[in-house]
Each structure stands twice: as structure tokens, then as C-alpha cells.
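> Required output: the full structure, derived from the provided sequences and hints.
Number of protein chains: 2
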Amino acid sequence: MVTLKQIAEKLNISITTVSKALKDYPDVSKKTRKLVRETASMLHYKPNSFAVNLRTKESKTIGLIIPEIVHHFFSSVIKGIISQAEKKGYLVITLQSNESYELEKQQIELLLNKRVDGILISLANGTADYKHLSEIIENDTPLVMFDKIAKVVKCSKVIIDDRKAAYKATQHLIDIGCKRIAHFRGPLLPQNSIDRFLGYKQALLDNNISYDSSLVYLLNDMSFEEGKFYANQLLQDHKDVDGIFINTDLVAIGAITEFNKQGIKIPEQINIVGFSNWFMASVISPSLTTINQPGFDMGKKAFKILYKEIKDKKEKKSIVYRDEILETDLVLRESTKN
Amino acid sequence: MVTLKQIAEKLNISITTVSKALKDYPDVSKKTRKLVRETASMLHYKPNSFAVNLRTKESKTIGLIIPEIVHHFFSSVIKGIISQAEKKGYLVITLQSNESYELEKQQIELLLNKRVDGILISLANGTADYKHLSEIIENDTPLVMFDKIAKVVKCSKVIIDDRKAAYKATQHLIDIGCKRIAHFRGPLLPQNSIDRFLGYKQALLDNNISYDSSLVYLLNDMSFEEGKFYANQLLQDHKDVDGIFINTDLVAIGAITEFNKQGIKIPEQINIVGFSNWFMASVISPSLTTINQPGFDMGKKAFKILYKEIKDKKEKKSIVYRDEILETDLVLRESTKN
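So the sequences go chain by chain: A and B.
The first sequence begins at 1 in the UniProt record's numbering and counts up one residue at a time.
The second sequence begins at 1 in the UniProt record's numbering and counts up one residue at a time.
Among these hints, one or two may not hold up.
Since the list gives no way to pick out one identical chain from another, each pair is judged satisfied if it fits inside one copy or across any two copies.
The list that follows gives simulated cross-link-like pairs (lysine-lysine, DSSO-like), each with its CA atoms no further than 27 Å apart [to be verified]: (1) Lys316 with Lys5; (2) Lys87 with Lys60; (3) Lys87 with Lys31; (4) Lys20 with Lys57; (5) Lys114 with Lys10; (6) Lys23 with Lys105; (7) Lys57 with Lys46; (8) Lys131 with Lys151; (9) Lys337 with Lys88; (10) Lys114 with Lys228; (11) Lys316 with Lys87.
Because the hints were derived from the structure by calculation, they are not lab data.
Bear in mind that the values here come from a model prediction, so they are computed numbers and not experimental data.
Encoded structure:
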């Protein structure tokens, strides 16, 4: 490691002058500043980032906690966050909660101890208590939640209107003539699975279709396997179902796989709408009609808001929390009629 | 932020005693140590990690550079790395090179300036010069390469035997009776696309099938779209091809989509073998025979080796570079006969 002392000795000037020159202080002559910079570069001098952090009280890193990395939507979000952070000179530490509240809690503790400048989080399905999130705010660390959020926590949020999107998905099934529409819903806790369920229900009611709770299947881990399992279950429980709105594409793809295997014709016998627009949705056969959820943009937006809050905090401005709602659209494909 | 001073004042003891107590020094009485720890915990005291870094000369973070995050194989690798790092108390900063050499160079500079304790990298396709990698080693920062590596760089590497795996894939096509076998290969530079091509060629030669360079298509970005494009190109160029070994699953899935669209029967008319075993390979129709590439294990292994090298460096032991070669296997599915 090259030190300021070595540069000073090489140029036969004081360490203080070297230090000032590198910070571009005007009380060092232009000529000396130039000479010091050139020498530093030649010697591959790197400022000690630990000392810089200590002085500036900034780490120029942020923490990101997501439930699952190997997941098309979340990896798109990560990509959006990282691309934007890099532009602003921030590095991103990523942690995976595995949908576990306990792990999420520990990870927040870890990030706070690490003194990251801000935290981005999408909650685990298991998270029902928000004390660990309040701790971030009490610690005066900017926090932005995205996708799976807790409404009661006071911070900025980047979401889609899950209720509206689910309404749109269900309305499409009604518009193409479906009368008995099932819903594969997500777990009870995350706000987005509640909202998608409510959007489904509202669309039925607004179209004078009576809500039948036996048509709603509560999923646990939202996996491909669960999609297969509940598609089979549905065939046994309700022979008359002609449409399904499914909480996420991975589950919908599992369901399509099962229906294909059992010789059920999609969309002739059952119409299917998914949610998220995973890449896979466009390549499976039949391809999947779904709600396009803009992961990359969500990541970019979440970082932008966090960045502004970090800046505002530094400049001792008061932080104004924002709810940013991104637009979604219905992508029509082969799994629904027309 | 709670300081040591506040703890000291509260207990009416010296700051030095508090500091020693928190570090569990035996010259502070057991009783005092316990009291200090309890008080620190009650006041939510967090050590200043910047000062700790400066003292220990460690950041307890590592850097990870990969070409692309939204990619089943690489996101599996990230997951493997993060899961293992967390166990050992390390945080992971992830950067995406976008297959760009320039970006990769800048990112390494950034990570070295940040003083990460070690770097894990899978090279961009555009990387032909390795000076930026040598700089990591000259900087005395442990480096482990995985998947897309540079053979000439002196560091530990975690790879699969791409040549052997490609040989196995091609041999399978020969074993089921294919006589004219095409290859969609990756770009010229990355070692893994060279090795997969060489494995393909060797299998042909060992089976007395003459090598025809017009059957080898050089791909650029290895995308779904390229798979569709070259599937169509192949149909125009060579009507007699009965098997294809494709460098990666995403491209193979593009090819299957195009063949399906044009009414070409798989495997009756063309047998296809992919590489990597993306999740999608199991759900597309027909499902894809492919080489299973263990991404999660590769990530875990790469971190384990890096961790050992960080530890050895700290203990001033000499570092012995290792080449770790992970096993692959051929997963038989519907896209090849039998």
C-alpha cells in the first residue's frame, strides 16, 4: 500500500501538503497540486477508504434485503438497483431473507452495524412484526420498501397497485366469458397477496358474479410444484371452473404444466392469467397471459428515492416520505381466449 | 449514535475500561465486563464499524463481479456465494459487468479502492486483456475466478470441465443415431465457449464423424432471440441436420420455440441438447435435454476458497492456488430420442 508519506518523501514536501493537494485545497499552488496528483497516480496510490469513511461518516454502500435471488422478478429489481447505484457511486450489499422473518431481522442488524448509508427491502412472507424496521428509522438510516411492503411503517415505498392490476386480470377473464373464476392466492401476510385477492374479489362483485370462497386456494411457498398440486386439486374440487387468476407466473406455469399433462385444453376449457411477466411466461406452451410487473424500473426508482433521502439527510433537510406507484399492464397471450 | 463515552458516564467508569470490557480483556473484572455489556446492549450501542475497519484493516466485505444478474445460472451462483458468506460473517457487494471489459475494469478499481477483503469474478465475454486482474493480485487482494475464467491468470479457479461436458452432450447425440450434428457456439473469447466447442469437435472425431465447420454457428449475445434466429438460419443452410448441441439453455429454448413455430418435430426431425439446466429447460415443451451445471455449488465453493485465502493472508501463510473442478451430468428429457 502506497501512503501519503511515500508521496511526500518522493517529492520532498510535507505530508500535510500532499494531503491538501489531493483534496484540491487552494492554499497549495496549482503546480504542486498537479505534481502530487500525477505522482499519486504513478505510484497507484489509493486513499484509505476506511479512514475516508470514518471522516465523512459515510460508507457509500447501501444494503438490500430481498426474499429470494433466483427469481426473475427480484433479480430484475436487483439489476435496476445496482445499475442506478453504480451511476451515483454507491455499492450494493445484497442479502437474501429466504422469506424468513428471523433472518430478515438479523440482516437488518448486520447492515446497521455495518453503517450502510441506506436500506432497501422487500419483506419476507413471514414478517408480521415491524419493530426491526422501526429500528432502521430510529437509527436515522434512510429506508425504502418495495414490492412486499408494510403499510404502517413510516418510510417511502415503491409499489404497483396490486389491487388494480388483479382487478384488471380478473376483468379480462370475465370479459372473455368466464363464469366460474378461481384464484390461487399468496400467503396471508404480504400486503401484495392481500391486495391481489381483494382486486379479484372486487372485480367479481362489480360484475355481479357471486364470490365463492371455495374457489380461492391459499398457497404457501408460491412454487412451480404448488402450481401443479393446486391445478390438480382444482380439477378434483370444481369441474366447472373456466378461468383462474394466479398470484404469480411461476405458479401459473406449474398449473399449465399440470393441465397439459392431464389433457385439459387451455384456453378452450380453462383460461389462465398469471402475474409478474416472468420471461418464462412468453416461452411456455401455451404462452401465458399475465400482468407485467416492472421489476427493473422498480429497482431503479427505489434506489433514486433512497439516494435523495441520503442526500437530504446529509444536508440536514427534512425527509418527505413518498409512495411511488408504478404502472402495470395486461399482456395478452395464448392462455386466454382471443 | 451511542458512544463509549456515554456508557462510561452512565457507569461512572473510564472510557478505556468500557472499551476493554467490550473487547473482553481479562484485566477488567468479570463483573464489570458483564455490566458494560449489558449497558451497551440496553443503550443499543453499536461499535463504529468504520473505526473497526481502520483498526483491523479488514472490511469483512467481498466484491463479486458477474456478467449478468437476470440469468438463472448466475443468480444461482450469487445465491450460493451469499449463503456461504453470511455464515462466515462476510457481506457481498455485487456488480454487473454487462459483458463489458471496460466496465469490468472500472468495477475492479472501485472494489480495490473500497478495500474489499477479496474478489470473486466471472469474466465478461469482451475481456481479452488481464492486466486489471493482475492488479488485484499485485494489490495483495485474494481473487477467485469462476465459470468464465482466464487460464493464464495466477489465482484459484472454480469451474466445470466444459470440454468433458460438451463431449458427453455430443456423444449422447451420436449414441441416439445423429449423423449431422450442428453446434451453436458462444463468442470466441470466453474459455468456456472455446472448451465446449472443442469437446463437441473431439466427440465427432472420436466417432469418425468428419468435422464440418459450416455446421458451427458463432453466436454473439447468447440470447433467446439469437436461438430463434440461428434455428431458422440452420433450416435454410442445412436440411440434413439431425442434432444440435447448443452452448446454453436460453439459446436452446429460443431454437425450440422457432422449430415449434415452423412445425419441425423435436426430437423426430432434430434432437437438441442444451447446456446449464436452467429451470425453464424442464417446463418448455418439449422439455430440454441438457448438461446440469451446478451454479449454487459453484458459488459456495468459490466463496469457501476465497475465505480460506483471506484467512491465510491474515495469518501470513502462503496462499496455494487451487483449481476446483465440479462434476456435471447429462439430464435426459424430451428433446432427444429415448
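> Decide, hint by hint, whether the structure agrees.
Tested hints:
1. Taking the closest pair of Cα atoms, Lys316 and Lys5 come within 27 Å of each other only across two copies (25 Å); inside a single copy the shortest separation is 35 Å, beyond that limit.
2. For a Cα distance limit of 27 Å, the shortest separation of Lys87 from Lys60 qualifies both inside one copy, at 12 Å, and across copies, at 24 Å.
3. Taking CA atoms no more than 27 Å apart as the test, Lys87 paired with Lys31 passes in neither setting, with 31 Å inside one copy and 51 Å between copies.
4. Taking the shortest alpha-carbon separations for Lys20 and Lys57, both the intra-copy value of 19 Å and the inter-copy value of 24 Å come in at or below 27 Å.
5. For the homomeric pair Lys114 and Lys10, the shortest alpha-carbon distance between copies (25 Å) is at most 27 Å, but the shortest distance inside one copy (36 Å) is not.
6. For the homomeric pair Lys23 and Lys105, the shortest alpha-carbon distance between copies (24 Å) is at most 27 Å, but the shortest distance inside one copy (39 Å) is not.
7. Taking identical chains as interchangeable, the C-alpha atoms of Lys57 and Lys46 lie at most 27 Å apart whether they share a chain (19 Å) or sit on different chains (14 Å).
8. For the homomeric pair Lys131 and Lys151, the shortest alpha-carbon distance inside one copy (13 Å) is at most 27 Å, but the shortest distance between copies (50 Å) is not.
9. Proximity of Lys337 to Lys88 under the C-alpha cut-off of 27 Å is found in neither arrangement, the shortest distances being 46 Å within a copy and 52 Å between copies.
10. For the homomeric pair Lys114 and Lys228, neither the shortest alpha-carbon distance inside one copy (42 Å) nor that between copies (47 Å) is at most 27 Å.
11. When the C-alpha separation of Lys316 and Lys87 is checked against a cutoff of 27 Å, the pair qualifies only within one copy, where the shortest distance is 23 Å, while the shortest distance between copies is 37 Å.
Going through the hint list in order, the structure does not satisfy hints 3, 9, 10.
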